[in-house]
Amino acid sequence: MSAAAPAAALATGRTRGREGSALARRVRRAVVSVVVFVLLWELGSRLKWPWVGDAPPPSAVLKVWLPLLTDPGYWYSWYQSSRRVLTGFLFAQLIGIPLGLAMATNRVFNDLTFPVFEVLRPIPPLAWVPAAIIFWPTQESSIAFVTFLGAFFVVVINVLGGAKSIDVRYFQSAYSMGATKWDVFRRIILPATLPSIFVGAAVGMGITWEVVVAAEMISGGGGAIQSSAGGGLGFFIWNSYIGFSYPQIVVGMISIGIAGYISSSIIRAVGVVCTPWLRTR
Amino acid sequence: MLANGKGAIRIEHVDKVYDAAGAPVQAISDCSLDIRAGEICMIVGPSGCGKTTLLNAVAGFHDITGGSIWLDDEMLCGPGKPQAQPGPDRVVVFQNGALFPWKTNLENVAFGPVVQGRMSKAAAREKARELMAMAGLSGTENSYPGEISSGVRRRVEIVRALMNDPKVLLLDEPFRALDSLTKSVMHEALLEIYYKNKVTIFFITHDLEEAIFLGQRVAIMTTRPCKPKKVLDVDIPHPRDYSVLTSRRFRELMEETVHAVHEEAVKAFEAGEKEM
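Chains X and S supply the protein sequences, listed in that same order.
According to numbering that gives the first Met the number 0, the first sequence is numbered sequentially starting from 0.
According to numbering that gives the first Met the number 0, the second sequence is numbered sequentially starting from 0.
Chain X extracted, bound-state conformation (with noise of 0.2 Å):
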């Protein structure tokens, strides 16, 4: 044991040095993978390749965004927008999980519910957007019911799916173990559809941010008239646009690249503490 010990920490420390050299040369190409494609960019735009020689070059962009970083009305369309997408994220995941779940488990209201949301699924979320200002009474509440339907069908689909793909052997040595179709269901089912839970969300959030941006646009942010008002980034984009100002389009669409990848971090993020079994994979 003691001559043991040591010889085992040695090990472990070993490969703790690999795997932190490993993640810093991880960390290295990334940087690496920007830095070259903003330098292809600035020169493209210089040198007036087609299809980005009429963007505005990096340099241009920084020169618009290094101001905005101070105006609170910039950091307000990033707030609304994320409020947006956060309200119809949660929702779909509030009614989204248990349906997928009730679906999986009961067959009656399965055959029930499974057609009409086969014929809903297909229509873009965009496509509710007319009628949702419609139906909804404040702008507002339609941009976020939009939101939430970019994630729903996505949540329930692979919630059903990953519910519905439970190998049988599990039930059955849990009922032969004694369990109850309770403890099935919470110790068997839930766990099971983790993982497929948390894939529904990672993609569920990257629609929400496409579609509440796309809501903005045509919603008129929810009654903004400014584009540092708090109509959201995709309001912010979209005002640029009427404004003739370039730079700052390309501003709100790097705003929205950055807050759908930090979002989609934090899921992975949570994903990877709430499934521990799957890390060792």
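Among the hints, erroneous ones may be present.
Here are the computed lysine-lysine pairs in the BS3-like style, where the Cα-Cα straight-line distance is at most 30 Å [said to hold, decoys possible]:
1. K5(S) with K195(S)
2. K5(S) with K180(X)
3. K180(X) with K120(S)
4. K163(X) with K102(S)
5. K126(S) with K197(S)
Which stretches of chain X does chain S cover? Using the computed rule of at least three CB atoms under 8 Å from a CB of chain S, they are [as the list claims (entries may be wrong)]:
6. 170-184
7. 190-200
Think of the hints as simulated: they come from the structure by calculation, not from any bench.
Please read these numbers as outputs of a predicted model, since none were measured by experiment.
Virtual Cβ for every residue (Gly too), placed ideally from N, Cα, C.
Since the structure of chain X is already known, use the hints to place chain S on it.
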């Protein structure tokens, strides 16, 4: 752990007809077999012969269409009760293993008594730790099944089954996916567990050598419909170890039965050809 004389399984004239897409398939026909309490009874037959169907009927995973199955004096299924209720008195260990991947090995082993409400979580874990230590599994308690080798996984699963104090262990080709060296280690490990617990073992396999090495009796099944073709008494005394494999009596018993098994394998193969 268990008093001797518990866990006898009586299979009486069991029939099972599947109605797959309108074409009835007779999986089991007039199958009768007595498994004595505390014995290792090996069921040998070619793949697809219907032996797993028989095990599933005993476990309560599906119904039978005729006959009856008894555990000691209790009718598990039979006239008026086509499907047995699955329960911890007959725990199944599956072919490819069914440890819950989202639970640690310790949580897996502690599962049965907790869901039965027989033990508190803490007590179940304490007992699980003990049993795992006895089976040489100390150190794997907090790993997930995905982190240990398939041989160790199978041992964890057998310990998980034993945690329920079952009268009968139903083993469905539990070592099939293991390489032959791991398998030989698992055979001795299973016997060691058996000598300590004296639980009745209903063990399905298609490996005749495995069957004769482990079993007190070996039932060789006909292929589709499934019923015993020949029941062999293995008169090699327990406890056994691997030297048995090279013994003269073992070879004699192999010779006595290998022909019957081969015959059924050919039949199963030809039936398979016809289906194609």
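task: Could you tell me which of the hints above the structure violates, numbers in ascending order?
output: none
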